[in-house]
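K.L.:
Sequence:
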Amino acid sequence: MKKSILLLSLLISALFIKAAVKIDKIEPTDWYVGMKDASLQLMIYGKDMRTADISTDYPNIRVDSIVRLDSPNYLLVYLNLEGAKAGVMTLNIKNNRSNTKVKYVLKNRAMTGAEHKGFTNADVLYMLMPDRFASGSEKNDQIKGMNAYKNNRTQPSLRHGGDLEGIRQHLDYFSQLGVTALWFTPVLENNSPDNNGYSTYHGYATTNYYRVDPRFGTNAEYKQLIAEAHQKGLKVVMDMIFNHCGDYHPWLNDMPSKDWFNRPDYKNKYFQTSYKLTPVLDTYASKVDLSETVDGWFVPSMPDLNQRNPHVIKYLIQNSEWWIETVGIDGIRMDTYPYADRDAMAQWLKTLDKEYPNYNVVGETWVTEPAYTAAWQKDSKLSEKNSYLKTVMDFSFFDKLNMAKKEETDAWWNGLNRIYNSLVYDYLYPKPSNVMAFIENHDTDRFLGDGKDTLALKQALGMLLTMNRTPQLYYGTEILMNGTKAGSDGNVRKDFPGGFPGDEHNAFTAEGRTSAENTMFNWVSKLLHWRLGNELITKGKQIQFIPYKGVYVIARQYQGRSSLTILNGTSEPATMQVSRYAEIIGDVQQANDVITGGKVYLGKDITLSPRQTLIVEF
Numbered sequence: 001m002k003k004s005i006l007l008l009s010l011l012i013s014a015l016f017i018k019a020a021v022k023i024d025k026i027e028p029t030d031w032y033v034g035m036k037d038a039s040l041q042l043m044i045y046g047k048d049m050r051t052a053d054i055s056t057d058y059p060n061i062r063v064d065s066i067v068r069l070d071s072p073n074y075l076l077v078y079l080n081l082e083g084a085k086a087g088v089m090t091l092n093i094k095n096n097r098s099n100t101k102v103k104y105v106l107k108n109r110a111m112t113g114a115e116h117k118g119f120t121n122a123d124v125l126y127m128l129m130p131d132r133f134a135s136g137s138e139k140n141d142q143i144k145g146m147n148a149y150k151n152n153r154t155q156p157s158l159r160h161g162g163d164l165e166g167i168r169q170h171l172d173y174f175s176q177l178g179v180t181a182l183w184f185t186p187v188l189e190n191n192s193p194d195n196n197g198y199s200t201y202h203g204y205a206t207t208n209y210y211r212v213d214p215r216f217g218t219n220a221e222y223k224q225l226i227a228e229a230h231q232k233g234l235k236v237v238m239d240m241i242f243n244h245c246g247d248y249h250p251w252l253n254d255m256p257s258k259d260w261f262n263r264p265d266y267k268n269k270y271f272q273t274s275y276k277l278t279p280v281l282d283t284y285a286s287k288v289d290l291s292e293t294v295d296g297w298f299v300p301s302m303p304d305l306n307q308r309n310p311h312v313i314k315y316l317i318q319n320s321e322w323w324i325e326t327v328g329i330d331g332i333r334m335d336t337y338p339y340a341d342r343d344a345m346a347q348w349l350k351t352l353d354k355e356y357p358n359y360n361v362v363g364e365t366w367v368t369e370p371a372y373t374a375a376w377q378k379d380s381k382l383s384e385k386n387s388y389l390k391t392v393m394d395f396s397f398f399d400k401l402n403m404a405k406k407e408e409t410d411a412w413w414n415g416l417n418r419i420y421n422s423l424v425y426d427y428l429y430p431k432p433s434n435v436m437a438f439i440e441n442h443d444t445d446r447f448l449g450d451g452k453d454t455l456a457l458k459q460a461l462g463m464l465l466t467m468n469r470t471p472q473l474y475y476g477t478e479i480l481m482n483g484t485k486a487g488s489d490g491n492v493r494k495d496f497p498g499g500f501p502g503d504e505h506n507a508f509t510a511e512g513r514t515s516a517e518n519t520m521f522n523w524v525s526k527l528l529h530w531r532l533g534n535e536l537i538t539k540g541k542q543i544q545f546i547p548y549k550g551v552y553v554i555a556r557q558y559q560g561r562s563s564l565t566i567l568n569g570t571s572e573p574a575t576m577q578v579s580r581y582a583e584i585i586g587d588v589q590q591a592n593d594v595i596t597g598g599k600v601y602l603g604k605d606i607t608l609s610p611r612q613t614l615i616v617e618f
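Per our numbering, the sequence shown runs over residues 1 to 618.
These aren't lab readings, by the way, just hints derived from the structure by calculation.
Predicted, not measured: the structure shown is a model, and the values here were computed from it.
Hints are not guaranteed to be accurate.
To be verified - Below, in silico cross-link-like pairs of lysine-lysine (PhoX-like), each with a Cα-Cα straight-line distance of 20 Å or less:
#1 Lys-485 with Lys-452
#2 Lys-431 with Lys-350
#3 Lys-314 with Lys-25
#4 Lys-314 with Lys-269
#5 Lys-117 with Lys-223
#6 Lys-269 with Lys-258
#7 Lys-139 with Lys-223
#8 Lys-139 with Lys-150
#9 Lys-431 with Lys-378
#10 Lys-117 with Lys-485
#11 Lys-144 with Lys-117
#12 Lys-25 with Lys-150
#13 Lys-223 with Lys-107
#14 Lys-36 with Lys-103
#15 Lys-314 with Lys-287
#16 Lys-350 with Lys-406
#17 Lys-117 with Lys-269
#18 Lys-258 with Lys-223
#19 Lys-604 with Lys-549
#20 Lys-452 with Lys-150
#21 Lys-381 with Lys-452
#22 Lys-526 with Lys-232
#23 Lys-139 with Lys-107
#24 Lys-85 with Lys-117
Said to hold, decoys possible - Okay, the calculated beta carbon distance ranges per label pair:
#25 Gln-577 with Glu-407: 19 to 27 Å
#26 Pro-573 with Thr-596: 33 to 41 Å
#27 Glu-228 with Lys-549: 38 to 46 Å
Backbone N, C-alpha and C define an ideal beta-carbon position, used for all residues, glycine too.
Take these sequences, add in the hints, and give me the full structure.
P.N.:
Written as structure tokens, this is what we have:
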């Protein structure tokens with residue numbers, strides 16, 4: 001009997017033992033004092049965390065609110081940091097009669113928000129995929145604890161093993177080429193397993209917003225890469241995705257709230273986006289069409305985040321600020337921009353603009369009509385809502401250019417007339433120089449397709465790098481990398497030659513490049529170095545002439561200097577009638593050839609070879 005009573009007593013006592021509260025994760029992992037927005041959202045995750053109470057006695061910090069989400073394991077704490085100093089804050093967490101103290105670091109900012117400078121039209125962005133560019137370390141080829149994956153360079157849709165160290169080791173290559181900013185496809189953790197020969201090497205299925213994918217490197221290595229890039233005069237742009245995450249993100253298995261995702265009943269009724277972006281701005285759009293666009297999942301492996309939930313958008317906004325403050329990125333490229341909630345994205349950009357007035361973000365707005373793209377640019381008069389998005393992507397130029405390259409330039413619509421007719425609509429943009437133009441990227445066929453038409457490529461790059469735009473290049477264009485999406489996206493995302501151990505072909509050096517590769521590299525490099533710091537191109541007035549007898553001319557003028565980009569849009573010899581361009585040329589008799597350094601006589605008509613590109617200045 002006594003033993004029974006004793007046993008019962010022990011059991012009752014055990015119920016009241018104060019077990020420590022187990023905290024699995026707090027995001028952000030740390031934070032910064034002195035932000036204009038003094039509010040801080042802490043997402044705390046741990047078993048039964050929902051019922052916990054949070055307090056702190058750190059000077060000048062108060063708990064504004066505690067939000068108890070649907071999941072029993074998540075708790076949101078909103079703090080006010082107005083007047084707080086850097087240091088280590090203690091969070092007192094009480095839960096089920098248990099009390100745990102957690103240390104949380106508050107840091108000083110490395111610089112003020114205004115001191116963060118974003119990319120501008122004076123830059124040329126060089127886009128690359130870390131997995132496909134270069135491998136600098138073998139230690140991260142196989143990471144224990146990650147979901148099953150393989151590195152196999154023979155398979156276009158599996159990981160190839162490129163990393164941040166590989167990029168760091170080739171920083172001098174970018175300077176030699178003449179670009180000024182690097183845009184990497186996403187570097188955050190993508191911990192999804194390989195699936196039937198496919199992987200998330202591309203980076204667009206995030207599973208941890210505060211961690212660099214360990215196969216690319218560490219957060220510290222990312223920061224070091226950016227610091228060394230800055231030392232060499234190179235900016236770094238970070239690719240982000242607010243529209244969706246990856247299906248192996250912990251949120252999917254334990255949703256913080258029922259409305260954390262759009263269409264959370266995906267297991268019973270999957271709802272995919274239509275990929276049709278027009279309803280977002282369509283005055284006459286039906287509710288069903290709009291919902292299909294913005295609420296549908298991009299693909300089954302990329303759950304659609306609900307930015308209309310104020311806690312979701314606050315989390316994402318803070319994450320972007322954290323990366324700016326922590327590693328010093330110089331800009332953001334936002335993937336699938338119009339698929340996310342329009343008002344929430346405007347809130348994000350308005351917040352960034354207030355905190356970082358000299359910063360820049362470019363949004364992927366994939367519609368080929370200028371009127372659609374222009375409506376997304378900050379301060380556009382074409383939309384009743386201000387997006388606050390400073391830079392938009394010129395899919396019209398990309399689209400028209402890739403049609404024009406296959407055509408003869410006639411007197412009306414075909415060939416280079418398509419470019420002229422696209423640029424005509426620049427009056428729609430509040431700031432045309434803040435429109436990012438490109439000839440190809442990781443989601444399109446290579447400009448060269450399966451061929452090597454360097455004449456067409458030079459015309460494309462000649463326009464891209466001299467017209468009133470912010471230009472973006474895709475890695476390998478300068479060495480004639482080609483390919484189409486037929487069969488796999490990986491065919492336009494091939495490894496840069498020489499970036500991986502055992503490569504027999506090394507295109508990073510003049511000695512390793514073929515004669516054709518060197519010819520193209522040198523042509524592009526000369527044009528890029530001429531453009532570098534050249535206010536004629538970055539600030540000059542643009543004047544274009546309707547293609548005449550197959551010849552298309554774009555002029556730039558600034559402080560008494562002029563340039564002409566002269567293109568023969570036909571496969572036959574053509575003549576540029578100099579007198580037609582008298583308003584630019586005037587009495588000037590001689591100009592400098594930007595590429596060759598030679599002299600071009602302007603006192604008589606100029607004979608152009610088939611598809612010739614001639615860029616002159618005077």
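K.L.:
Hint by hint, note whether the structure agrees.
P.N.:
Structure-based check of all given hints:
no. : hint                             : in the structure
1   : Lys-485 with Lys-452             : 16 Å, holds
2   : Lys-431 with Lys-350             : 18 Å, holds
3   : Lys-314 with Lys-25              : 17 Å, holds
4   : Lys-314 with Lys-269             : 28 Å, violated
5   : Lys-117 with Lys-223             : 17 Å, holds
6   : Lys-269 with Lys-258             : 15 Å, holds
7   : Lys-139 with Lys-223             : 18 Å, holds
8   : Lys-139 with Lys-150             : 14 Å, holds
9   : Lys-431 with Lys-378             : 9 Å, holds
10  : Lys-117 with Lys-485             : 36 Å, violated
11  : Lys-144 with Lys-117             : 38 Å, violated
12  : Lys-25 with Lys-150              : 28 Å, violated
13  : Lys-223 with Lys-107             : 16 Å, holds
14  : Lys-36 with Lys-103              : 24 Å, violated
15  : Lys-314 with Lys-287             : 26 Å, violated
16  : Lys-350 with Lys-406             : 42 Å, violated
17  : Lys-117 with Lys-269             : 45 Å, violated
18  : Lys-258 with Lys-223             : 36 Å, violated
19  : Lys-604 with Lys-549             : 17 Å, holds
20  : Lys-452 with Lys-150             : 32 Å, violated
21  : Lys-381 with Lys-452             : 42 Å, violated
22  : Lys-526 with Lys-232             : 19 Å, holds
23  : Lys-139 with Lys-107             : 31 Å, violated
24  : Lys-85 with Lys-117              : 25 Å, violated
25  : Gln-577 with Glu-407: 19 to 27 Å : 22 Å, holds
26  : Pro-573 with Thr-596: 33 to 41 Å : 19 Å, violated
27  : Glu-228 with Lys-549: 38 to 46 Å : 50 Å, violated
Against the hints set out earlier in the document, violations occur for numbers 4, 10, 11, 12, 14, 15, 16, 17, 18, 20, 21, 23, 24, 26 and 27.
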